[in-house]
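> One letter stands for each residue in the lines below.
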Amino acid sequence: MSVGILMLVHTAFDRAEQVARHWTKYGCPVVIHVDASVKPKAHKKFVKALEDVPDVRFCKRHKCEWGDWGLVAASQSAGETMLAEFPEVRHIYLSSGSCLPLRPVQELKDYLAARPRTDFIESATTADVPWTVGGLDAERFTLHFPFSWKKHRFLFDKWVDIQRFLRVKRKIPNGVVPHMGSQWWCLTRQTLSAILQDPDRDTFDRYFKRVWIPDESYFQTLARLYSSNIESRSLTLSKFDFQGKPHIFYDDHLQLLRRSDCFVARKIWPRASKLYNGFLRSPEGAIKMSEPNPAKIDRIFAKAVERRTKGRTGLYMQSRYPNEGWENGMTFGRYSIFQGFAQLFEDFEPWLARATGTRVHGHLFAPEGAEFEGRQKVINGALSDDPKSRDYNSIAFLTNLVWNTRGERQCFQVGPRDEGAPVWFFAKDPNAQVSVISGAWAIPLFKSNLDFADIRKEAARLQKLENDQLYALRSPYAKARVRIWTLAEFIEAPMEPLQTIIDEIGPEKARRLAEAPTMTDLTGFGQFLQNLKNQGMHPYLMGDFPVSQGEADQKKPPRKPYLVQ
Amino acid sequence: MSALQSYRLRIRRRHRLVRAIRKRRELRSMADRTAQIKPSDLLAFSTLRNEHIRLPYFLDYYRNKGINHFLMVDNDSDDGSLEYLMEQPDVSVWHTRKSYKKSKFGVDWLNWLQFRYGHNHWCLVVDPDEFFIYPFCDTRPIRALTDWLDASSIKSFSAMLLDMYPRGPITEQPYQAGQDPMEIACWFDAGNYTMTKNPQYGNLWIQGGPRSRVFFPNEPELAPALNKIPLVKWNRRYCYASSTHMLLPRGLNQVYDEWGGEKASGLLLHAKFLDTFTAKAEEELVRNQHYSASVEYTAYAERLRDAPELWCKWSEKYINWRQLEILGLMSKGNWA
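As you go down the protein sequences, you meet chains A and B in turn.
Residue numbers for the first sequence follow the numbering used here, beginning at 1 and rising by one.
Residue numbers for the second sequence follow the numbering used here, beginning at 566 and rising by one.
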C-alpha cells in the first residue's frame, strides 16, 4: 500500500463507485468526500453501494462550489482521514469522481515508489503564468472575495471595483509566497501532514478562505513551504478551455487517451461507457515505465480553443459572423483584381492564366451576370452566376468565392460598368491586390459603333463611376495592395507594371515574362478623346493622351504583338 | 437596444405565449404518454401532415441519437400518420384540423406543448424531413452535446437547414418507408449562402442553397430562410417567434460569435426533395397554408412542371459531419 486516493464526488455516483472499486482492487485505499449539497437519499445509496469494499472511507462533508473554500476544506478532511486511517500510505493522490485511471494501478505505484520523496503538484507564481481567466492574477491574493463568482457575479465584480478604488491590499501571511496551479495533486505523506498539522494552519486557512479560487492555490502555495522536492506538474491529465472549464473526454478519445500514457484523466463524461470499460479492466501485457506524454491531446485541445477564439479566416457562417474589424482576415486568402486590363489587352484573361497559373475570371460583377472562368453558369460551392442573386449580397458572393476556392488564387476583372462590385469591401481587404488602368473604359467606347451622342453620355457616366471607385481605392481606409496607372502612363511602358504584378502573384519567383499580351490598336484614340472634349465631356482619368500621334506613327501598319526577351 | 425596444419584445413574447396557451384548445390528445417523461429526458417536438412514409426512419434516427420522447402534432393527415404515431411507445400525439397558417405555421401549437412539457428539458424542434447533425454525431449521442452545452452555460444551439437533393429529376428514385433519405438525396450546395443580421431579434438571416439557386434566381430576397435554432434548453418563458428561425427572449438567438471566433453549431439535413415532393407541392399550393401566401410553393410548382434538376456540376456529395465541418457549414467550436 503506497498510494492513497482522495476522491471528491458530487455527481455520477455509479461511475465514482466503479472507479473506487478499481483503485481498491489493486490495493489503493480510497477516501471519498461527498459534497454536502448532495441529497441524503443519493448519499445513503452511494455509501451503501460501497459498504462491501473494506478500504473505502467517507470523510466529513463540506459544501463545495466552484472557486470556493469548500473544495479545500474537503481535500483537508479527506487528507486527514487518509493519514489517520491508512498509516502505510506514502503518496496521497487527489482526484475527483469524474477522474479515470488510464494506466494499470501497478504502474502508478511503481512510478511513485521510484520517486518516494517527490511531490507532484503544479505550482507557479502568478507573475509567471498566463493561465488566469478573468484578468485577476496577483489580485486574487490581495483582495477579499466574499461573493461567489458563479452565483453573484454582479456583487463579485462590484466588490472588486470597490476594493480597487479603496486600494485594499490584504496582508499575505509571513513566509508565504502565493503560487497556483492545477488543483489535482499527488503529495507525500510528509508534505501533506506538515501542511495539515502546521501550528499556523488557522492563520493560513483564514487567509485562503477569502482568496479567489483557493483550491488552485492553497496546497500549491503551502507545499512550497514544506516540500523538499517539488515536481511542478500534475499527474492528472486535465485540459481547460478558454473559459477555464475542463474539457470532457468521450468514447472517441479512447485511442488518444491510451497513447497519452497519463496516469489519470479528468474529466470523463459519465456516459462514456467505452472509456470506463476500456480502462477499468485488469491490466494486460507488460508493465510500462514510460513518462506521461500528453502532447497530442494538448494539440487537439489547443486547436479547439483557437477555433473558438479566432475561428477560421475568411469564413462567414451560422456560428461565425464577425463584426467589422474583428474578422481576423476579411477573406480566406489572396486574390487579384484588374481594372482596365481586359480593355487594353485583347487576350488578357488567357494570357494572365498562362502567365500565373491562377484562375482568371472575367467581370465577376458585370451587370449581365458573373463571368466565371470559361463562362460557366455555376462554380465551386454551387455559386451561381445569376446577377440578381449576386447583387443581393455582393460581399457574400466575393467572400464565398474566395472561401470555396481555397488554395487556388482567383483573379478577376472589374470596371466602372460593374456597379454592384463591392469596391469598398475589397479596398479595405489586405488580401486584395488591385491594379487599375484608369480611363481604359474609354477604349471599348472608342471601338464601338454607337452614335457619338450616346458615346458621350456613356463616357460621362463611366467616368463618374470610375472616379467613385478610385476614391475608395485611394481612401486612407484602403488596406488592399492598390496600384493605379492612368492609361497614358501605362502604355508608355506596359511590361514593367505587368512584371511587378505577376511577380507578386506568381508562385515561381523571378521568372521573366516570355510573352506579352496583345495590346489593342489605339490609333486615333487621342483624336477620339479630343472629340469628347470638344463635346464638353472632359475625359481626365486616362491622363495626358496626345491628340494626334506623329506622322511616322500614323503611316505604320497596326502594331503586332511583341516579345520581350 | 433601448429599454423601449426590449419592452416591446417582452410584450411580443408575452403575446405569443398567451396565444399559444389559447391555441391549446385546437389540439386534441390522441395518445398521451407524457407521464413517462423523466426530468432529464431529451424531447423532440414536431408538426406534420401526411408524412407517414417518412415517419419510421425519422423516429429511428432520433431514437438512435438519444431522444427519449416525441411530442407530435398531426395536422389532419389522411395517410395513416396519426394511427402510426399512436402505436409508438415513446410518442405522444395530438390531432388538429385547424389551420396551419393561422397557428403561425404550427409554431403556436408547439409553443404550447413546449410550455406545458418542455420546461427545463433540452427540446429539439424538427420537421419529419429534417435530420439533426452536430459535431461528433457519429460517435456521441445528443445527450453528450446537451451535457456539454449545460456545462458551458449555453442555452441554445444553432443548426442551419441544409437542403439535400438527388442527382437527376427528383421523381426518378422513389423513396421507400424506413429508408435513409440521404441514400437518395445526398447532394448539397456547399458555398452559396448569404447572411445578414436581424437587428431586432439579433439572429442571423441566412439564405441560399439550391432553393435560392433554382427556384428564386430572380427574387433572391424571397428565398426561404435557412437559419434555425432547433435545440434549446427550454424554459416556459421562452417561445419561438417565427418557425424555429428565431426565439424570444432575443439572447437565445446569439448563437454566433461576433469577435472572430466560432461557436459550435450543427446542421439540419433537409430531405425535402424526394419523389414525394412534387405531389406535396401541388397539394400545398391548393391548400395555401404556407408562409407568405405560399410564395415558396408557387415557385416550386411553376418550376417543377418542367422537371428541373437541382444537381449541378459543383454539387457536393454528403459523406459525414466532418466534411460539413471542413466546408465551413458547421463548426465544432471549442468542443473537442
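By construction, these hints were calculated from the structure, which means they are not laboratory data.
A couple of the hints might just be wrong.
Think about it this way: if two alpha-carbon atoms lie no more than 30 Å apart in a straight line, the pair counts; the simulated DSSO-like pairs of lysine-lysine are [claimed, not checked]:
no., chain 1, residue 1, chain 2, residue 2
1, A, K151, B, K663
2, A, K63, A, K239
3, A, K150, B, K603
4, A, K447, A, K479
5, A, K239, B, K882
Source: prediction; values computed, not measured.
> Looking at the structure, which of the earlier hints fail to hold?
1, 4 and 5
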